[in-house]
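*Asks:* Position chain A against the provided structure of chain V, taking the given hints into account.
Number of protein chains: 2
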Amino acid sequence: MTKDTLPSKPAKRSNAISPTRMEDYAEWYQQVIKEADLAENSPVRGCMVIRPWGYGLWENIQQGLDRIFKATGHKNAYFPLFIPLSFFEKEAEHVEGFAKECAVVTHRRLEAKPGGGLMPAAELEEPLVVRPTSETIIGASFAKWIQSYRDLPVLINQWANVVRWEMRTRLFLRTTEFLWQEGHTAHATADEAREETMRMLDIYERFAHEYMAIPVIKGEKCSWERFPGAVNTYSIEAMMQDRRALQAGTSHFIGQNFARASGIRFQTKEGGEDHAWTTSWGVSTRLIGALIMSHSDDDGLVLPPRLAPRHVVILPIYRNDADRERVLQYCRALEAELRDQPYGDGRVQVEIDDRDIRGGEKTWYHVKRGVPLRLEIGPRDLDAGVVSVSRRDRPAGERNAVPHAEFVERAAEILGEIQRGLFDRALVFRNANTREIVDRAVFDEWFHYRDDEKQPHGGFALCPFVDDPAIVDALTALKVTVRCLPLDQQPRSGRCLFSGKPTKRWAIFAKAY
Amino acid sequence: MTKDTLPSKPAKRSNAISPTRMEDYAEWYQQVIKEADLAENSPVRGCMVIRPWGYGLWENIQQGLDRIFKATGHKNAYFPLFIPLSFFEKEAEHVEGFAKECAVVTHRRLEAKPGGGLMPAAELEEPLVVRPTSETIIGASFAKWIQSYRDLPVLINQWANVVRWEMRTRLFLRTTEFLWQEGHTAHATADEAREETMRMLDIYERFAHEYMAIPVIKGEKCSWERFPGAVNTYSIEAMMQDRRALQAGTSHFIGQNFARASGIRFQTKEGGEDHAWTTSWGVSTRLIGALIMSHSDDDGLVLPPRLAPRHVVILPIYRNDADRERVLQYCRALEAELRDQPYGDGRVQVEIDDRDIRGGEKTWYHVKRGVPLRLEIGPRDLDAGVVSVSRRDRPAGERNAVPHAEFVERAAEILGEIQRGLFDRALVFRNANTREIVDRAVFDEWFHYRDDEKQPHGGFALCPFVDDPAIVDALTALKVTVRCLPLDQQPRSGRCLFSGKPTKRWAIFAKAY
Numbered sequence: 001m002t003k004d005t006l007p008s009k010p011a012k013r014s015n016a017i018s019p020t021r022m023e024d025y026a027e028w029y030q031q032v033i034k035e036a037d038l039a040e041n042s043p044v045r046g047c048m049v050i051r052p053w054g055y056g057l058w059e060n061i062q063q064g065l066d067r068i069f070k071a072t073g074h075k076n077a078y079f080p081l082f083i084p085l086s087f088f089e090k091e092a093e094h095v096e097g098f099a100k101e102c103a104v105v106t107h108r109r110l111e112a113k114p115g116g117g118l119m120p121a122a123e124l125e126e127p128l129v130v131r132p133t134s135e136t137i138i139g140a141s142f143a144k145w146i147q148s149y150r151d152l153p154v155l156i157n158q159w160a161n162v163v164r165w166e167m168r169t170r171l172f173l174r175t176t177e178f179l180w181q182e183g184h185t186a187h188a189t190a191d192e193a194r195e196e197t198m199r200m201l202d203i204y205e206r207f208a209h210e211y212m213a214i215p216v217i218k219g220e221k222c223s224w225e226r227f228p229g230a231v232n233t234y235s236i237e238a239m240m241q242d243r244r245a246l247q248a249g250t251s252h253f254i255g256q257n258f259a260r261a262s263g264i265r266f267q268t269k270e271g272g273e274d275h276a277w278t279t280s281w282g283v284s285t286r287l288i289g290a291l292i293m294s295h296s297d298d299d300g301l302v303l304p305p306r307l308a309p310r311h312v313v314i315l316p317i318y319r320n321d322a323d324r325e326r327v328l329q330y331c332r333a334l335e336a337e338l339r340d341q342p343y344g345d346g347r348v349q350v351e352i353d354d355r356d357i358r359g360g361e362k363t364w365y366h367v368k369r370g371v372p373l374r375l376e377i378g379p380r381d382l383d384a385g386v387v388s389v390s391r392r393d394r395p396a397g398e399r400n401a402v403p404h405a406e407f408v409e410r411a412a413e414i415l416g417e418i419q420r421g422l423f424d425r426a427l428v429f430r431n432a433n434t435r436e437i438v439d440r441a442v443f444d445e446w447f448h449y450r451d452d453e454k455q456p457h458g459g460f461a462l463c464p465f466v467d468d469p470a471i472v473d474a475l476t477a478l479k480v481t482v483r484c485l486p487l488d489q490q491p492r493s494g495r496c497l498f499s500g501k502p503t504k505r506w507a508i509f510a511k512a513y
Numbered sequence: 001m002t003k004d005t006l007p008s009k010p011a012k013r014s015n016a017i018s019p020t021r022m023e024d025y026a027e028w029y030q031q032v033i034k035e036a037d038l039a040e041n042s043p044v045r046g047c048m049v050i051r052p053w054g055y056g057l058w059e060n061i062q063q064g065l066d067r068i069f070k071a072t073g074h075k076n077a078y079f080p081l082f083i084p085l086s087f088f089e090k091e092a093e094h095v096e097g098f099a100k101e102c103a104v105v106t107h108r109r110l111e112a113k114p115g116g117g118l119m120p121a122a123e124l125e126e127p128l129v130v131r132p133t134s135e136t137i138i139g140a141s142f143a144k145w146i147q148s149y150r151d152l153p154v155l156i157n158q159w160a161n162v163v164r165w166e167m168r169t170r171l172f173l174r175t176t177e178f179l180w181q182e183g184h185t186a187h188a189t190a191d192e193a194r195e196e197t198m199r200m201l202d203i204y205e206r207f208a209h210e211y212m213a214i215p216v217i218k219g220e221k222c223s224w225e226r227f228p229g230a231v232n233t234y235s236i237e238a239m240m241q242d243r244r245a246l247q248a249g250t251s252h253f254i255g256q257n258f259a260r261a262s263g264i265r266f267q268t269k270e271g272g273e274d275h276a277w278t279t280s281w282g283v284s285t286r287l288i289g290a291l292i293m294s295h296s297d298d299d300g301l302v303l304p305p306r307l308a309p310r311h312v313v314i315l316p317i318y319r320n321d322a323d324r325e326r327v328l329q330y331c332r333a334l335e336a337e338l339r340d341q342p343y344g345d346g347r348v349q350v351e352i353d354d355r356d357i358r359g360g361e362k363t364w365y366h367v368k369r370g371v372p373l374r375l376e377i378g379p380r381d382l383d384a385g386v387v388s389v390s391r392r393d394r395p396a397g398e399r400n401a402v403p404h405a406e407f408v409e410r411a412a413e414i415l416g417e418i419q420r421g422l423f424d425r426a427l428v429f430r431n432a433n434t435r436e437i438v439d440r441a442v443f444d445e446w447f448h449y450r451d452d453e454k455q456p457h458g459g460f461a462l463c464p465f466v467d468d469p470a471i472v473d474a475l476t477a478l479k480v481t482v483r484c485l486p487l488d489q490q491p492r493s494g495r496c497l498f499s500g501k502p503t504k505r506w507a508i509f510a511k512a513y
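Residue numbers (this note's numbering), protein chains in the order written: chain V, 1 to 513; chain A, 1 to 513.
Which chain A residues stay away from chain V? Per the calculated CB distances, all over 10 Å, these:
{"#": "1", "residue": "PRO19"}
{"#": "2", "residue": "ASP24"}
{"#": "3", "residue": "THR189"}
{"#": "4", "residue": "ARG244"}
{"#": "5", "residue": "GLU273"}
{"#": "6", "residue": "ASN320"}
{"#": "7", "residue": "ASP345"}
{"#": "8", "residue": "GLY359"}
{"#": "9", "residue": "VAL389"}
{"#": "10", "residue": "ALA412"}
{"#": "11", "residue": "TRP446"}
{"#": "12", "residue": "ALA470"}
{"#": "13", "residue": "ALA474"}
{"#": "14", "residue": "LYS479"}
{"#": "15", "residue": "GLN489"}
For the chain A half of the interface with chain V, some residues (derived, Cβ under 7 Å), not all of them:
{"#": "16", "residue": "VAL49"}
{"#": "17", "residue": "ILE50"}
{"#": "18", "residue": "TYR55"}
{"#": "19", "residue": "ALA77"}
{"#": "20", "residue": "PHE79"}
{"#": "21", "residue": "PRO80"}
{"#": "22", "residue": "LEU81"}
{"#": "23", "residue": "LYS100"}
{"#": "24", "residue": "ARG108"}
{"#": "25", "residue": "LEU118"}
{"#": "26", "residue": "ALA140"}
Read the hints as simulated data drawn from the structure, not as lab findings.
Backbone N, C-alpha and C define an ideal beta-carbon position, used for all residues, glycine too.
If we strip away everything but chain V, and leave its shape as in the complex, we get (with noise of 0.2 Å):
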């Protein structure tokens, strides 16, 4: 972590994460999930599992999300989990792309096995493939619903589970079976499928930057990084505290090669036939990987208002039973007024905690889980008529005395500016740490990795770009990866850094997730 860019905290260390970021990010990633109770490991290899507060997270992503995919004519419906197998060899690339991590169904039953225990019993005469994404299945479905021109677009949106088997995983990153929601859609024409590729990018763009406070890049994918089947894969890139790239959305204009191979056939305008054009975007949970490395810092989660599961934790604080009633009361009353405030979609979220834990320990607990205001409310604050006010993006010793209306009356502006904050501040870090680079020593001492360090050097590059696949190798060595060719480039002449050869196009270079 660079001092200027990301302030460091007085901290108590005996309660923040342990390691910080800057001892070890991956560990300190872990630690913060633990500890704010977002998810953990199953006893099933590679699935996690979403405990509530993640999921609570997961459901205002969802809100959030759905509430602008039904604005733009989107409908929700649902599609089988499991794809027969001949369904999913009709298209080449896509099979080549997801053979290797596919989970297979290949029995219906459980029988008792000779010597105890069970087995698998019943085997299908088709192996079931459990959907990694659900192109071809959502095809055959298209192809009975679209006979006209008429009947387009179809805008179909599906939330789910989908498995993709993992050997390595990381709980939110990569697991082996992720939520996600995948949008289908078929479009008479190639520039309407366009457009929706391009809308539906836009929309994870602003997803990103309003409700999620993080800065992204939209781009689109160089050939090797395109969606098996896809003609045309658009993603939005942020960069992670640790420099790296993560990947928060992608969106695929996929001509008519589905079209073709589940038969997706329309009759036109003109009379004639044609195959439909597809496109299909998604999101997953790892989006809350990327909100938690986005934002949080040693001390543990830090959530952006829009998408806390709550807003606000009141603390009460008393001595004894007297004073008990008395401070109990008042924080319900306050909890009542701070209920009626509107904020974002909805209204502010309170909640009283009044568990009988010592102060600093529940304090501590809020802190870890990145609820946004902390309010502490003792028998003085309530003889003086105010309440104590602790922001998670300020160091967390900090509190201030606020009046009681005024801070009901400011708590929605307050969670504005910690939304507005979180956001300038992710951009001022991106921003520091992009670099121009036309030269292939200084990219190589850009992304040099030192072993004693626990952390990659570097960040993003803008580097002038040529999409031939024989590059690959050379970035494989360096464990650097093309993000994306940003969409709001002007053209500018450069030379690639890896072919040499002459181009107008140039591209983000990072280490990714």
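*Replies:* Positioned in the frame of chain V, the structure of chain A alone reads:
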């Protein structure tokens, strides 16, 4: 259908559902689903595709229940889709109950088959069961989360897909994969767990009555209908229009069975150690089948307004372009006014259907989808300041001119009337088809099924009952099942019709889905 309970409607038969309920109830059910675009069979044996209109229903069911679950202190979480075989084996009754219908994952990749095509590869060391229910995998988490009485109760709910391999499937009622919610809670005492079991059963009853407009009977299941591994199973039972029973939700008191199997131990307040007491409870997409079969008629789907994805459809009528603009403008203003009206947990949901298709066809499209209110607006209505209102709970041809402002003001009230009317109609029907029977010959006659009829006779029979598995064979021969022992009964003496043994408890018997 008896005439006095279900008024027959003078429908244009050419547009209505064919066959009628009287002609062939089972086929009528399939056709209602098809014509309403609710769902369809998929290429995957036993798995369904839930289309947007059907999924909209499920979203409303989810939102309604989720709100109640959260208001009663439950939190959502997510657990793995896969369960290791060794976990599954831990509870003997449980595994016995589910072993015959488990989809089993045995491989984790696909490889090219010699001669073309793909085949499963990389066999797993331990097969994984696709969850048919999650007691065992959630138990593993509970065992980690719960150490002390201070950690209790744990009140968790999961919205998820589950798989139970079915040989004979029927859309929504019995499918290999289905969507559901499963609540799982752990408590310090048996009393608290029993209280939770009954609380959730009450919530299901309330939801059935208030949202689904379906009267249900709350009761306990007999021993051979218990959830595998539970101490007591309770259900809500509804009567469909063919007089068969449908189990619409279950709540289980599990005692310490799964706590023992999963090692959910805690330190008691008194300093000792005990196993936790657990419950589980669930409802599924089966509820949509219950909705369809409770309210729909020979014209198609009828939806209770509280769950309808759309409450009002506006059908603009015009003959030329000049009228078109004028009528559409008026419709849009009406739409905006209606959208401001509070109804249920939100607002009135309105849609304008301006598709270029014949008026009659368009009207029937919405009749068959069960939209509660249809408004026809033509130039003459506009000039007269009225809207032509048709209610889905009245004959399809009925239309009433209502002054514009009056309709807007009364829209939510009319929806409430429809909702209550559907409930009342279903209750009258159930009562008319429920009988107390104390004589075996009367019982046999009541449930006698004539080959020339497509519907069973009888309905619900309330009879003295002794819980003795020895009577199962006699019931099976009659194709009759014990639905439940209603909870609200007073002890009343009688003799079991099958065993002849004396008893004070009565049970509901019925043919069932």
